[in-house]
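K.L.:
Sequence:
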Amino acid sequence: MHAMHSQRYEMESAKKLKESLQNSQRLTDSMLTILGSFDTRISSLNSAVLPTQVQTDDIIRAHENIEKTLRAAEVFLTHYDDFNQVEGKIMEGLHDDLSGFLIAIDKLQKTLDFFISTGMSKNRENNIHNARQLLYKAMQKLEQEFKRLLEENSKVVEPDQLIGFLPSTNKYSIVSSRSSSGLSSMFHSSFRKTDNGSKVDFAPAVLQILVPVKVLTELFEIAKRMISAGHHQQCTKIYREIRSYSLNHTLQKFGIEKFSKEDMQKLSWESFERKIGTWIQCLQIAVKIFYTTERRICNQIFYELDPHMECCFAEVSEPSMKQILSFGEATVKNRKSPEKPFVLVDMFDAMYELLPEVQSIFGEKASKESLSTFEELMKMLGQTASNSLSEIEDGMGKDASKATAHDGAVHSLIIHVMNHVKFLF
1 MHAMHSQRYE MESAKKLKES LQNSQRLTDS MLTILGSFDT RISSLNSAVL PTQVQTDDII
61 RAHENIEKTL RAAEVFLTHY DDFNQVEGKI MEGLHDDLSG FLIAIDKLQK TLDFFISTGM
121 SKNRENNIHN ARQLLYKAMQ KLEQEFKRLL EENSKVVEPD QLIGFLPSTN KYSIVSSRSS
181 SGLSSMFHSS FRKTDNGSKV DFAPAVLQIL VPVKVLTELF EIAKRMISAG HHQQCTKIYR
241 EIRSYSLNHT LQKFGIEKFS KEDMQKLSWE SFERKIGTWI QCLQIAVKIF YTTERRICNQ
301 IFYELDPHME CCFAEVSEPS MKQILSFGEA TVKNRKSPEK PFVLVDMFDA MYELLPEVQS
361 IFGEKASKES LSTFEELMKM LGQTASNSLS EIEDGMGKDA SKATAHDGAV HSLIIHVMNH
421 VKFLF
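Using UniProt numbering, you'd call the opening residue of the sequence shown number 1 and step up by one each time.
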C-alpha cells in the first residue's frame with residue numbers, strides 16, 4: 001500500500017515538472033517572438049534614419065567646401081584689390097614718398113607670387129603678365145631714384161672738407177719728406193690718438209660727409225628691391241660708375257696723378273722729392289680714409305646682397321688703387337739717382353705700415369688683385385732699395401783712392417759717402 005502511494009507521488013511530481021517545463025518553453029518562445037519584433041522594428045528604423053544621416057554628412061561637406069571656396073575667393077579678390085591700389089601708386093611715381101612706393105612694390109611682388117602659385121584662375125597668364133609689366137615699370141622708377149640719390153651724394157670731395165680729420169701740422173700744405181716733422185706725421189691716418197693713447201675712429205664722421213646715413217638706408221632699401229626683382233645688373237652698374245668717378249676724382253684733388261717714364265726722368269730732385277711726399281700722403285689718405293669709408297658705404301648699401309657687395313667694392317676701388325701704385329712702380333723702374341735707395345725705403349715703410357689695413361679692406365676674393373698689386377710693389381721697393389744699398393757699399397769698397405788729403409782737402413771717399421748720407425736728412 002505504501003509502495004503504491006509513493007509511486008503515485010512520484011508521477012504527480014513528474015507531471016508538475018513537465019507542466020513547468022512546458023510553461024517555461026512557452027515563455028521562452030513568447031520572449032523570442034517579442035525580441036524578434038523589436039529587431040524588425042529597429043531594422044526598419046535604421047532604414048529610415050540612414051538616408052537622413054547621409055544627407056546630413058553631404059550637407060556638412062558641402063558647407064565646408066563653400067567656406068573654402070569663399071576664403072579662396074576672398075584671398076583672390078584681396079590680391080586683385082591690392083593690384084589695383086599699387087598700380088595707381090606706381091604709375092603716379094615716388095613724389096617724395098619713397099617709403100610708400102616701396103610698400104607698394106612689396107605688395108605687388110606678393111600679388112605676383114600669388115598669381116604664379118595659383119593655377120585655377122581662368123586669366124592666370126594675363127594676370128601674371130600685367131603684374132610683371134607693372135613691376136618692371138616700378139623698377140625703372142626705382143632705378144632713376146637710386147641714380148639720383150647716388151649722384152647727389154657722391155660729389156667730388158675737396159681737401160678742405162677733410163682738414164679736421166688730418167694732423168694739424170699738415171692741414172694746409174704738403175711738406176718735404178725730409179722736413180723735421182718727417183713722414184710719420186704727414187697725413188698719418190684717419191685715426192687720431194687720444195690723451196690715453198687709444199685710437200679714435202673718424203670713419204663714421206667722414207662717412208657722414210661723403211654719404212649721409214639716411215641716404216645709405218634709402219639706397220639699401222632700393223637696392224634690395226631691385227636685386228630681388230632681378231634688376232641687379234642695372235643697380236650695380238649705376239653704383240660702380242658713380243662711386244668710381246667720385247673716388248677717382250677725389251683722389252686727384254689730393255695729388256694723385258699719372259706719370260709716364262719721360263715725366264719721371266724730367267723731374268728735378270726737389271720736384272721728385274715733393275712728388276714722393278705727396279704720393280705717401282695720398283696713399284695714407286686713400287687707405288685710411290677713402291677706401292675704409294668706401295668699404296663701409298658698399299657694405300651698407302649691399303648688406304647681405306652678396307656677391308654684389310664684394311664685386312661692387314672691388315670694381316670701384318681697383319682703378320684708383322692701380323693709379324696710385326703705378327707711381328710707385330714708375331719710381332722703382334725708371335728713376336735712376338744716388339738718392340733712390342732712401343726714397344724707396346721711405347715708400348716701403350709707408351706701405352708696410354698700411355699693409356694690415358690694406359689686407360683687411362681688400363681681403364675678400366673679389367679684391368685680391370688690388371691686394372696682390374700692393375704687396376708686389378712693396379716687395380719690389382724693398383728688394384730694389386736693398387740692391388741699391390749693396391751697390392753703394394760695393395762702390396765704396398772698390399774706391400782705389402789712397403792718396404792722403406793735404407791742406408784741408410776732403411778725401412774723395414768722404415765726399416762719396418756724404419753725397420749719400422745727406423739724403424737721410
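If you're looking for bench data, these hints aren't it; they were derived computationally from the structure. Beta carbons are placed, not taken as given, at the ideal position from N, Cα and C, and that holds for glycine. One should not assume that every hint holds.
[To be verified] Here are the computed lysine-lysine pairs in the DSS-like style, where the Cα-Cα straight-line distance is at most 30 Å:
#	residue 1	residue 2
1	258	365
2	147	137
3	258	224
[Unchecked claim] Label-pair distances were calculated between CB atoms; the ranges are:
#	residue 1	residue 2	range
4	387	140	27 to 35 Å
5	118	306	31 to 39 Å
6	117	160	55 to 63 Å
7	110	161	42 to 50 Å
K.L.:
Each hint: holds or not?
P.N.:
Structure-based check of all given hints:
1. Between residue 258 and residue 365, the direct Cα distance comes to roughly 27 Å. Compliance with the 30 Å bound is thereby established for this hinted pair.
2. Between residue 147 and residue 137, the direct Cα distance comes to roughly 16 Å. Compliance with the 30 Å bound is thereby established for this hinted pair.
3. Among the hinted pairs, residue 258 with residue 224 is inconsistent with the structure: their alpha-carbon atoms are about 37 Å apart, more than 30 Å.
4. A C-beta distance of roughly 59 Å is found between residue 387 and residue 140, which places it outside the suggested range of 27 to 35 Å.
5. The hinted window of 31 to 39 Å between residue 118 and residue 306 holds, with their beta carbons roughly 32 Å apart.
6. Under the hint 55 to 63 Å, the C-beta atoms of residue 117 and residue 160, about 58 Å apart, fit the expected range.
7. Between residue 110 and residue 161, the C-beta spacing of about 44 Å keeps the proposed range 42 to 50 Å intact.
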